[in-house]
Amino acid sequence: MPVTIVQTNDAPFEPVEMDPITLDIIESALRSARYEMDAVLYRTAMSPGIREQHDEFPMIANPDGKMVVGQFGSFIHGFKREYDGTIEEGDIFLTSDPYSCAGAISHAPDWLILRPVYRDGRLIAYASMFGHMTDVGGKVPGSLPTDANQIYEEGVVIPVVKIYKDDELQEDVLKVILHQCRMPQWNRSDFNALIAAVRLAEKRIHELCDRFGVDTVIAAMDELLERNRRAMLHLIRNTVGEDETLYFEDYICDDGLGMGPYKMACKMWRDGDVLVFDFDGTDPQSESSINFFLNEEMFKMFVGVYMINVFDPQIMFNDGFYDHVDVKIPPGTLLKPLKPAALSSRTHALGRIFDVLGGLLGQRAPNLMVAAGFSDSPHFMYSGYSSEGEWYQLYQIGFGGIPGRPAGDGPDGHSLWPSFTNVPNEFLEAYFPLRIEVYETIADSGGPGLHRGGNGVTIGYRALEPGEMSLHDDRWLTYPWGVNGGLPGGRSRKEIHRADGSFEVLPSKCDHVKVEAGDLLLFKTWGGGGWGDPLERDAALVALEVERGLVTRAGAERYGVVLRDDLMVDEEATTALRDTMRAARGEVQLFDRGGTVEELRERCLEETELAPPKPPEFNRRVLRFLQEREAKAAEAGAAAE
Amino acid sequence: MAFRLGVDVGGTFTDLLLIDESSGGTYRAKVPSTPQDSSIGVLNGIERVCENAGVAPASITHVMHGTTVATNTILEGKGARVGIVTTEGYGQMLQIARSFVPGILAGWIIWPKPEPLAPLDLTVEAKERTGARGDVVRELNEDDLREKLAHLKTKGIEALTVCLMNAYAGGIHEEQIREIAHEVMPGVPVSISSEVLPEMYEYERAITTVANSYVAPVVQVYVRNLEQELKQRKIDAHLHILRSDGGLASVEASRNSPVNVLMSGPAGGVAGALWIAKQAGYRNLLTLDMGGTSTDVALILDGVPRKRRETTVGDVTVRAPSLDVRTVGAGGGSIAHVPEITRALRVGPQSAGADPGPAAYGMGGDQPTVTDANVVLGYLPSELIGGEMKLDVDAAVTAVQTVATALGLDLKRAAAGIIDIVNENMFGALRLVSVQQGFDPRDFALIAFGGAGPLHANALAKLMNSWPVIIPPSPGVLCAYGDATTRVTDEASMSFVRRFSETSDAEVRGILDDLEARARQELDAEGIAREDQTVQYEVDLRYHGQGLQLPVSFTAEEFEREGLGWLAQQFDDEHTQLFTFALDAEHEIVTLRAIMRGAETFVEAGHVAEGGADPSAAKVASGTVYVDNRDQEAAIYDRGRLEAGNRIEGPAIVTEMDSTTLVLPGHVGVVDGYGNIIINPIGH
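Just so you know, the protein sequences line up as chains A and B, in that order. Sequential numbering of the first sequence, starting at 2, is according to my numbering. Sequential numbering of the second sequence, starting at 427, is according to my numbering.
Hints in this document: simulated from the structure, not taken from any laboratory. A few of these clues could be false.
On the chain A side, residues computed to face chain B include the following (Cβ under 10 Å) [stated by the list, open to error]:
| id | residue |
| --- | --- |
| 1 | Glu-28 |
| 2 | Gln-54 |
| 3 | Lys-163 |
| 4 | Ser-190 |
Even for Gly, the Cβ is constructed at its ideal location relative to N, Cα and C.
Kindly produce the complete structure, drawing on both the sequences and the hints.
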């Protein structure tokens, strides 16, 4: 049964003739409100993931549940479909269960707060925000167990509950939840901060209504949605032809259980005014927690933001164009797993979606054609009891190279995610038994190109106390691909150098890595792919980057640049080398993946010092489900004919 | 006779104000600025103002000075070639910065990343290590460093920064490196992070120290020229420079820490606004300083401007205290445009700047700007009283018409739209300093200055309900007043990250005493008597585990009486005001600070003649203004002829040499005894 919205005042909103200036003013006020929500959260939350790194996303939606301002698109439709209770004045909802909100949030550490905003007994808007908690319990500190098979192993999973009723906090409910977490004081503080942020948004919405009248504000939200729809329609018609189907695939290297890679496949075509994305061909869901419950609406938002940001960066992006994008994700696959599949380590697939999107859109829109990048959020976790007997626990997000892009080189060691920042190393050393001995970019890891991909980063963590680490990363087997002649970026790698002198290459994804005081972990992320022909890059710039330590002297030769011993360009040798390389490489391909999956697998042990993953084996129940589904589809197809 | 001189060096004009310390009498002068070496303009101005006053330059005892020389050095990228020494493994920390990419999802596709102020090819790494509590983990390898510095020297660096890991907790290695650098490259100024900013967070400390190195040579040359020229003219005055935080620094202090004068210019405006508003009887103020390309806003609570711990100039944000002045890219020159895809009306941040400037300036600009919209609406009369420039109305109309056509609106409606949008942008900045900090704009008066501020202030006050609007006379000289009347200030700070349970009142008291002694040195050297020095302490606090820090100010007595517990209470109150809740978590100290101030100088503002309510003697013309969707008749007044007590009913325009004031219908501006126009809604 769908949700029931309770209102004491059912009067419809009056239509209002909207002049463009008022509209722009309301747009600007709503945008300010959204950034104020961020500011309140950053300043009051406690877990470093939110307060230092900004792993959180706000939203304001209209009374129909369409996102008017925010980042990740609205989930309210899915929520209204799945939730069988009431929405009433004074409610604040809390959930962390992806399966109860159609994937609005995609793993249990994300806590989602939703506040229906009422005025004079009428529902006029929604304010919402979610943030990533450092810990929600479960089998490993940090609550992202790679080897989890079911969501029940991943900590406390909160169904949709009213954590406030009549604006009263349901203390007992919160108590039950916090009791499951390793760092309850952080969760409580982060929870308070999320509540403060949505309440602030509510206040701002009321102020707007005071200023312009509620009918005008409602009409403005509708018109802002309409404005986006028009703009996106224009882009959709002009970016994608009607008679072609574009295809792109990319991979998650492994599942942490020794199997991989997993394919993410997507076809894109235009059907009249609707842009269709079909993920048919994506591998079945994994037996580990790398599944990503991808919300269709959220994917629409990714598409829209990618397309429009280039044309009017000041726009307040919203859901208005949703009817013009259709997303098909087959259930039972990596991107729409069947309950109760584990979901916690979805970060790899979430990131990889952006490479898939770039690979699709870029084929027809040169200003969107970017190389593969740092499409992931590598995580590092470190926890244990200090020698003073205090529990410490760190969850940190790493960064790598931004891809080469039409606008220029990809920045080194930067974030693809908006508003994210690194954790200062002095902060880490002051609060955790760690010494960060290396914090630098990896020379040559940025893919060579006319525009170089950004370099990945090495962080060297020296443990000062015995403890336990968890690693979450990817792109150790497949390369961040280059485009338009650009070469792939360097892959990721994890090494541990033990205090006893031993050395080991660690897998990209692992939990329960025991460390002793003095052990050094080198956490190396990957670079961005190159954009355009590296043989066309200014040789003097290549030489300067060698001097700067961003490219090595040997690495310069991948650009066909030969340096003298004083690191100046040897012009003659460079011209000769570039000519030879040009002749040898033949025709330039649109994408350079650094080899097929089979080739990568063959070279794997030699190149990475890790055994190649075995081809994935899938769950029997899931395979049967998929077969039945296929059979049904075939039947329906036959009947239609 | 002793005279005190306030000097404000702006982009176009240098304003000077000479104050007779015994009588309080003032003399003014305005001379063109000389951007290639602004000390020339200053000296020209000194000659002019002394001539006006009929006094010998030698009788000037204090020169107080607000300058944009450091700001422009960064904005124009014309600073020193800075080398940097980091801890091994950290050479690329400026390259990685905070990994932050501005904008929305996919913003990275279009973001142009700025180059670091100290390039990687001028970076060397020292083999050394200090732990988080200041303990030396690895001794400095001096031979290795000496070799690296010798190599760096061959690259022709003009300044050197040393920023090592955890140097906020222990700076011994930085000091050692400075010694070696002085030997290897004598004459190259060295900034070390443990002195410039002994606070946690390596990137912020590094960028602040580098910014210091970057502007140091320019500021030092400037100050030296000024000093020498003053000496040559037999002016034996104490030279002071206004700091970004509104205090005054001695020449020595600004030479050593020029990063503290990055926002010297805007601070002068706030100080001047405060100076005149206090006399007019207002202590809670929002300041609005709107110029050609940008607008600065700030909040003053009970006579004290709010401060923050960082300063932003262009792409560079450093951890140096400044008045909490927020800047938006909204000014008279901001360009209006309508993106084809979304058909929204956008104003700024692109600006026509001074060259070619708005279309109405007739200097070749053809893009519609805010100034052009003001001309189209009749708010800026085409011939300004006392103005040197005649405005080209036709050019303004042609430019604004492009926006009107794109929006499908008539000309004046579109022009009004441009004004509404730019006002909304400024409103956004004012919200950052008021609402977002938990202050209700209705409790504040709005004081407007800068060339364009008085044109927009009435409309902004309507948006915010901040009354009255105060339009001080002669906005240019206002900054010079600010410069002349601020207090000598210095401060010393130290990161001291401890939970309350890990320290004690006595330990904190001991540190505060040390900091106080350090902050006092500067004022002692200035010859400021101990009894004229006042100290204020500040502690940055947070809940243990939290990222934010809130400063809590207190006096020696307050700490003596109640100690840390009292600080905790103050913090909880402030936290509740800002965020609606306090936490039951342990408090943690982050930074301790002592701020030392010299005595206040009191200078009274000049008076204007008393007159009646009727302003008609000052009326010089009438014109048509478009307000509230219709053309209306408006009187135009010459500000120079207004008298105290005159009531100007809107719609009306008041012009003077460097600004124009718009009084909207339904509002009345009353001239007070100091010549301020005080605007309120009729019947307010």
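- Which of the stated hints cannot be reconciled with the structure, identified by number in ascending sequence? When the structure is compared with the hints, only number 3 turns out to be violated.
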